[in-house]
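Chains S and F, in that order, give the protein sequences.
Per our numbering, residue 1 is the first one in the first sequence, and the count goes up by one each step.
Per our numbering, residue 321 is the first one in the second sequence, and the count goes up by one each step.
Calculated directly from the structure, the hints in this document are not laboratory data.
Watch out, some of these pointers could steer you wrong.
Simulated crosslink set (EDC-like; lysine to aspartate or glutamate; CA at most 20 angstroms straight-line) [stated by the list, open to error]:
1. F:Lys-556 with F:Asp-543
2. F:Lys-640 with F:Asp-479
3. F:Lys-614 with S:Asp-207
4. S:Lys-292 with F:Glu-405
5. S:Lys-36 with S:Asp-24
6. F:Lys-614 with S:Asp-159
7. S:Lys-280 with S:Glu-260
8. F:Lys-612 with S:Glu-85
9. S:Lys-230 with S:Glu-285
10. F:Lys-600 with F:Asp-613
11. F:Lys-556 with F:Asp-528
12. F:Lys-612 with S:Glu-153
13. S:Lys-28 with S:Glu-60
14. F:Lys-372 with F:Asp-359
15. S:Lys-236 with S:Asp-215
16. S:Lys-176 with F:Asp-479
17. S:Lys-236 with S:Asp-207
18. S:Lys-318 with S:Asp-215
19. S:Lys-52 with S:Glu-100
20. F:Lys-496 with S:Glu-285
21. S:Lys-176 with F:Glu-604
22. S:Lys-294 with F:Asp-479
23. S:Lys-303 with S:Asp-24
24. F:Lys-614 with F:Glu-580
25. F:Lys-496 with S:Glu-248
26. F:Lys-496 with S:Asp-24
27. S:Lys-292 with S:Glu-260
28. S:Lys-320 with S:Asp-107
29. S:Lys-318 with S:Glu-44
30. F:Lys-556 with F:Glu-568
31. F:Lys-638 with F:Asp-424
32. S:Lys-294 with F:Glu-405
33. S:Lys-176 with F:Glu-605
34. S:Lys-320 with S:Asp-24
35. S:Lys-292 with F:Asp-479
36. S:Lys-176 with S:Glu-200
37. S:Lys-93 with S:Asp-45
Number of protein chains: 2
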Amino acid sequence: MSQCKPYVIGIDMGGTNTEVAVVDTRGKITASATFKTCDCLEFEDFVLSVGKACRRVMGEVGGPQMITGVGIGAPNANFYTGNIENAANLPWKGVLPLGERLSDVLDLPVAVTNDANAAAIGEMTYGAARGLRDFIMITLGTGLGAGIVINGELVYGSDGYAGELGHVKIRRGGRKCGCGQNGCLETYCSASGVARTAVEFLNTRSDDSLLRQSDPSAITSKDVYEAAMKGDALAKEVFEFTGNLLGEALADFVCFSAPEAIILFGGLAQAGNLLFDPVKRSMEENLLPIWKDKVSLVSSSLKLSEAAVLGAAALGWKAK
Amino acid sequence: MSQCKPYVIGIDMGGTNTEVAVVDTRGKITASATFKTCDCLEFEDFVLSVGKACRRVMGEVGGPQMITGVGIGAPNANFYTGNIENAANLPWKGVLPLGERLSDVLDLPVAVTNDANAAAIGEMTYGAARGLRDFIMITLGTGLGAGIVINGELVYGSDGYAGELGHVKIRRGGRKCGCGQNGCLETYCSASGVARTAVEFLNTRSDDSLLRQSDPSAITSKDVYEAAMKGDALAKEVFEFTGNLLGEALADFVCFSAPEAIILFGGLAQAGNLLFDPVKRSMEENLLPIWKDKVSLVSSSLKLSEAAVLGAAALGWKAK
Numbered sequence: 001m002s003q004c005k006p007y008v009i010g011i012d013m014g015g016t017n018t019e020v021a022v023v024d025t026r027g028k029i030t031a032s033a034t035f036k037t038c039d040c041l042e043f044e045d046f047v048l049s050v051g052k053a054c055r056r057v058m059g060e061v062g063g064p065q066m067i068t069g070v071g072i073g074a075p076n077a078n079f080y081t082g083n084i085e086n087a088a089n090l091p092w093k094g095v096l097p098l099g100e101r102l103s104d105v106l107d108l109p110v111a112v113t114n115d116a117n118a119a120a121i122g123e124m125t126y127g128a129a130r131g132l133r134d135f136i137m138i139t140l141g142t143g144l145g146a147g148i149v150i151n152g153e154l155v156y157g158s159d160g161y162a163g164e165l166g167h168v169k170i171r172r173g174g175r176k177c178g179c180g181q182n183g184c185l186e187t188y189c190s191a192s193g194v195a196r197t198a199v200e201f202l203n204t205r206s207d208d209s210l211l212r213q214s215d216p217s218a219i220t221s222k223d224v225y226e227a228a229m230k231g232d233a234l235a236k237e238v239f240e241f242t243g244n245l246l247g248e249a250l251a252d253f254v255c256f257s258a259p260e261a262i263i264l265f266g267g268l269a270q271a272g273n274l275l276f277d278p279v280k281r282s283m284e285e286n287l288l289p290i291w292k293d294k295v296s297l298v299s300s301s302l303k304l305s306e307a308a309v310l311g312a313a314a315l316g317w318k319a320k
Numbered sequence: 321m322s323q324c325k326p327y328v329i330g331i332d333m334g335g336t337n338t339e340v341a342v343v344d345t346r347g348k349i350t351a352s353a354t355f356k357t358c359d360c361l362e363f364e365d366f367v368l369s370v371g372k373a374c375r376r377v378m379g380e381v382g383g384p385q386m387i388t389g390v391g392i393g394a395p396n397a398n399f400y401t402g403n404i405e406n407a408a409n410l411p412w413k414g415v416l417p418l419g420e421r422l423s424d425v426l427d428l429p430v431a432v433t434n435d436a437n438a439a440a441i442g443e444m445t446y447g448a449a450r451g452l453r454d455f456i457m458i459t460l461g462t463g464l465g466a467g468i469v470i471n472g473e474l475v476y477g478s479d480g481y482a483g484e485l486g487h488v489k490i491r492r493g494g495r496k497c498g499c500g501q502n503g504c505l506e507t508y509c510s511a512s513g514v515a516r517t518a519v520e521f522l523n524t525r526s527d528d529s530l531l532r533q534s535d536p537s538a539i540t541s542k543d544v545y546e547a548a549m550k551g552d553a554l555a556k557e558v559f560e561f562t563g564n565l566l567g568e569a570l571a572d573f574v575c576f577s578a579p580e581a582i583i584l585f586g587g588l589a590q591a592g593n594l595l596f597d598p599v600k601r602s603m604e605e606n607l608l609p610i611w612k613d614k615v616s617l618v619s620s621s622l623k624l625s626e627a628a629v630l631g632a633a634a635l636g637w638k639a640k
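Build out the structure end to end from the sequences listed, making use of the hints.
Following this line, the structure appears as structure tokens:
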């Protein structure tokens, strides 16, 4: 029955914006709407805003009777429980029953997953990972997230939290992480990690850099990227340093699941060869001989803004 | 058809001994035979010896018509190809077509996997992991191997080599590993790693130890264990050190697949609390808050000699 309905709704919930889209069976976005997540004072306001946006986009394709299901990717969301659990980047705290409330409000089947997993599903369904059965998608945003696919299936683990690769320790006793531990991968290999490295370099070195014109507390990974593109040596070294650590970590991840490819995604991945060259070199240097030159390192082929919403939509086909 | 035959053959191929057993549907070993792997000068001699041993044990249950299939766990064996590929601990080099040759000689379906995966399947089918859908089995022998189970299925990865957790880097630039890299987990956390740590401690410290009575080049993990059981402080510290590193590594592995349990198996795991206490403490210290006190650390419940042969047998039911 429900499989015959020609559309799904994909929702990408971010800390700042939430995007809602109606997607057809071929992955085409037919209608979409966006609203500010942070304008919703209470979680319940957010639920009502999602409901409103969904009704608007469904209206453009003939209403709810045309929709098979709804998929939503959200920070710290759990596939098994449908809850958002203690998300650091959302204004509402505690455990939020996202799946249950959306399913009440929309009267449609809803499937929930976290944002990194949604992006991995998007990439597998419509992007660079089409046809791959074993890959790891690394999302390099403010933090570092991962979606791990083994044998064509996303890995959720026993509790829905598998793929927290941002919290693998890459430097024992290293940088303090928001999780309370030290040396976590995301304290180095993420947009905020790049900014942190730049500030460390500026503070501990005396060589010239375009970045010295900026207030250190305001430096972003974008500033570092722009300086590096202008040939700034210090900024280029920041990317070398970041890529080196990420390559080391990726070689360890390969030991785990022997993927055919690793896909880098997110704002920082757009730095292109500045990041990819050192990551690739460092990964190859650290791989066991059996894997040398065998694991592709590729960039996401989806638009940054579309991967998560398309992945969430792909999940919507399976919502129950 | 074939599912009706009441027995399988499980084969555990080690560098020293090979054990062949007929196993019934309930995991009971009905007949078994052992021969010395290292007595076989050529790989083809080994194939013929396996054939002979299989015919002997099959004879005790009514012959090959009673056998559904054959499973074999072997060092560096690949589930997908059925080949042994460049095994360091076997007398024959290169790529050995184990599955193909055994299937020729026995005229039965044969399934091949590596020894750590066979042990994980044994544990899942008959041991401490019965009923678990997400666990990691760590085998602590001469090296460190792993069998990773996600959603009730063993992870082979894109090429059959998933689970090479002995080669995750636990100390960048650390001990030289047989694989050509430095700082691999198995250079610290394995029987040989324990012996290496003991020798390092003896060489760099001056405190008394029972181990000083031994020739340093001949110290084994068993010597360290026995000294520790007699209260030797240095030997106990060797286990603390080993457990500490292993706990750090396990906390990283949890980030990957969020298992409900980690099972330690193999000679070194028999050191009991000497090893388990520091591993557990270190793992808990390094876990993300969401996993604290949630991941069981357990000892294999199978006899050392039986896990691999039972796991291989369990694989035999699915041989095609």
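Pair hint outcome, Lys-176 (chain S) versus Glu-604 (chain F) [Cα-Cα no greater than 20 angstroms] | holds, 18 angstroms
Within 20 angstroms, alpha carbon to alpha carbon, are Lys-640 (chain F) and Asp-479 (chain F)?
-> holds, 19 angstroms
Quick one, are Lys-176 (chain S) and Glu-200 (chain S) close enough, alpha carbons at most 20 angstroms?
-> Measuring from Cα to Cα gives roughly 14 angstroms; hence the hint holds.
Holds or violated: are the alpha carbons of Lys-496 (chain F) and Glu-285 (chain S) at most 20 angstroms from each other?
-> The given pair, whose Cα atoms are some 15 angstroms apart, holds under the 20 angstroms limit.
Below or equal to 20 angstroms on CA atoms is what counts here, so check Lys-556 (chain F) against Asp-543 (chain F).
-> holds, 12 angstroms
Lys-612 (chain F) and Glu-153 (chain S): Cα distance at most 20 angstroms?
-> Not satisfied, since the Cα-Cα distance of roughly 26 angstroms exceeds 20 angstroms.
Between Lys-292 (chain S) and Glu-260 (chain S), does the CA-CA distance stay at or below 20 angstroms?
-> holds, 12 angstroms
Do the alpha carbons of Lys-236 (chain S) and Asp-215 (chain S) lie within 20 angstroms of each other, as the hint requires?
-> holds, 19 angstroms
Given the hinted pair Lys-236 (chain S) and Asp-207 (chain S), is their alpha-carbon gap at most 20 angstroms?
-> holds, 13 angstroms
Decide if the proposed pair is consistent with the structure: Lys-320 (chain S) and Asp-24 (chain S), CA atoms, cutoff 20 angstroms inclusive.
-> The hint holds at about 18 angstroms.
Verify the proposed pairing of Lys-303 (chain S) with Asp-24 (chain S), using a straight-line Cα cut of 20 angstroms.
-> holds, 17 angstroms
Quickly compare the C-alpha distance for Lys-230 (chain S) and Glu-285 (chain S) to 20 angstroms and report which way the hint goes.
-> violated, 28 angstroms
The structure fails to meet hints 3, 5, 9, 12, 16, 18, 26 and 29 from the earlier list, while all remaining hints are met.
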